[in-house]
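Each chain is listed here by its residues.
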Amino acid sequence: MVSYNLSHIRELESESIFVMREVAAKFQKPALLFSGGKDSIIMVHLARKAFWPARIPFPLVHVDTGHNFPETIEYRDWLVGDTKAELIIGLVQDSIDRGTAIEEKGQNASRNALQTVTLLETLEKYKFDAAMGGARRDEEKARAKERFFSHRDEFGQWDPKNQRPELWNLFNARHQFGEHFRVFPISNWTEMDVWQYILLENIPIPSLYFAHQREVLERDGMLLAKTPYITVRETEKVYTDTVRFRTIGDATCTGAIESSASTLEDIIQEVASTRITERGGRADDKRSETSMEDRKKQGYF
Amino acid sequence: MSSQNGIQEVEEFDSKGYLDMELLRFTTAGSVDDGKSTLIGRLLYDSKSIFEDQMEAIEESSKRRGEEKVNLALLTDGLKAEREQGITIDVAYRYFATPRRKFIIADTPGHIQYTRNMVTGASTANLAIILVDARNGIVEQTHRHTFIASLLQIPHVVVCINKMDLVDYKEEVYERIVDQFTDFSAKLDTKDVRFIPISALNGDNVVDRSPNMPWFDGPTLLYTLEHVHIGSDYNHIDARFPVQTVVRPQSDEFHDFRGYAGRIAGGIWKKGDRVVHLPSGFATKVASIVDINGEIEEAFAPMSVTLTLEDDIDISRGDMIVRENNMPEEGQDIELMVCWMSETPIQIGGKYSVQHTTRETRCVVKDVRYKVDINNLHKLEDQKSLGLNDIGRISIRTTNRLFYDNYRRNRFTGSLIIIDEATNNTVGAGMII
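If you read the protein sequences in the order shown, they are chains E and G.
According to the working numbering, the residues represented by the first sequence are 1 to 301, in order.
According to the working numbering, the residues represented by the second sequence are 1 to 433, in order.
The hints are simulated quantities; they were obtained by calculation from the structure and are not laboratory data.
Take the hints with a grain of salt, since some may be wrong.
[Stated by the list, open to error] When the alpha-carbon atoms are kept at most 16 Å apart in a straight line, the in silico EDC-like pairs for lysine to aspartate or glutamate are as follows:
| # | chain 1 | residue 1 | chain 2 | residue 2 |
| --- | --- | --- | --- | --- |
| 1 | E | Lys84 | G | Glu298 |
| 2 | E | Lys49 | E | Asp97 |
| 3 | E | Lys49 | G | Asp238 |
| 4 | G | Lys271 | G | Glu298 |
| 5 | E | Lys49 | G | Glu295 |
| 6 | E | Lys29 | E | Glu179 |
| 7 | G | Lys270 | G | Glu310 |
| 8 | E | Lys29 | E | Asp129 |
| 9 | G | Lys271 | G | Glu324 |
| 10 | G | Lys270 | G | Asp238 |
| 11 | E | Lys84 | G | Asp252 |
| 12 | G | Lys285 | G | Asp252 |
Computed from a predicted structure; not experimentally measured.
Using the sequences and the accompanying hints, generate a full structural model.
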């Protein structure tokens, strides 16, 4: 007898595509948040599959801290050309210039927290009623309780104690005027699933994910890339090492790891044997035990 | 094994094998002290799914709270309030994998005031783990959890008789509990029930066979989770395709393309199948099943695909395509079991919004037939009110016809949610009878 059983990757893919189609059908003006990281890259890939042969029916929104790795922007622009998707960019610098966001001071200054302000301003400016993000429940403990369809009040805030129950594959997207939703189609994927999918589907990813030579420095137990956006302290030594990134975010707070993984197979092998979570390299999560929950309540994605 | 920068090499990782893994979703319900967190902690720990930085973080938290041992429960209690109060108040999802399967755990609190969370976790599960404290045997909570597993039609139930170390690993204790459980569950609709004596704390029969219970010759819990047959958990008999959205590219290349996107809710689908569109009743044939890589030969639940049909029929979201000679039930008067999820009780005569497959409609609640005492499964026919966490049988009338199956036959086409139109909250989870 033939076995009618999907592999776990295909089941996850099918679930994510279902969620994206629900979003497109249920909201007036949805958007897909695109950071240039691998999670948002597979989101774009899934969106393309969900609506093929039609084009992706919503714009990609990039909240740009201005502190990017050039490789990220290069990749983003290539992807937009390749998918013919619409791209909307929200600049953190604009929020700073308007005075709605205030630049952090000090040597660990980062624009990561300011992204929330720009994100909410961008959603409001374009009247988006749903923003899809590539967050996964396995990333962080507050995210383990996040819904697929996460309701936000008119201030964009998350109320974890008052979440709607989510049953079967019936997603309740009803909302009052002015409120909106964050939707997380790849909630059930793990870091390993994402890499396996990239391999399986042969999805191009930015070169930053593969081992390369880079000037780095050690700070608070992390390897930071030397970029124009960070101030090197006197006690810190800049040296060249073979590294790669496990996540790609703002250049001031995304840690690199020493690695010689130069192919997808190498990366998968490395992820399989790594004993530190990928967010373990994110300075923004290290600020306190509940920093992710606190940021999410304020409207971080 | 070399260790550099926190990265250890493991031998023989087969990346191709990983792509053939199956996905098993299971739910655990339990309350403080029954060892649920310890059990999950052990599964995660023994399958090497706890990372060093997570371990360090909980070691530090345990120390700060003045606890002697590392508290594995801190791994599973995600939200600030929960960590402060030491309780689990929501459904938390956990992930781990072995070389055979990937697992999603829906971890829910077990107290009666969290029935709705248990129902939520159970709604997507292939398997339920029910924990029984060997010292106490079958208690009210066991009834409740088993009833929910049966009501939500979780295909497989594994009863873990835990804390065997505290009853000197005695076979008689295990046998007595198995008998008790079998007695009361005879009234329920649970298809596949297995029993395993374990000690989550010491790891007996969780991942490795227990040397302390040589009298038990069944498989360990992890082995069971890895091998239970889930290929028949979806309905592959009754062809059901709720239409999610219509795909019309209107591009030069796909000028006349008109596809119907959706997730297959039942049956095996092939090109050339004779099908009927509902509600119109028009018959046609499947012209193709496609995705970005081309045509798909056979499609089945829960695949997301796009269908094209041989005839031009006016089809929109909320419609259903089914196989000729295998029609779903249809009608506006629906009988269902419901779990009420709102602090405001159900209103007989009240109007609500309803979501069933991809169809949204409205309904009026005609009657509450009875409420179930979920601790002893008695039907309380004189109770005409359902409040938060109550389960009962109701009848509704919908403004539009629904095309549905009995929930026991198909979880996708037999389930619906009830939404309060004033608050937009999901207030009821319904299983069609």
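Quiz item: Among the hints numbered above, which are violated by the structure, and what are their numbers in rising order?
Solution: 1, 2, 3 and 12
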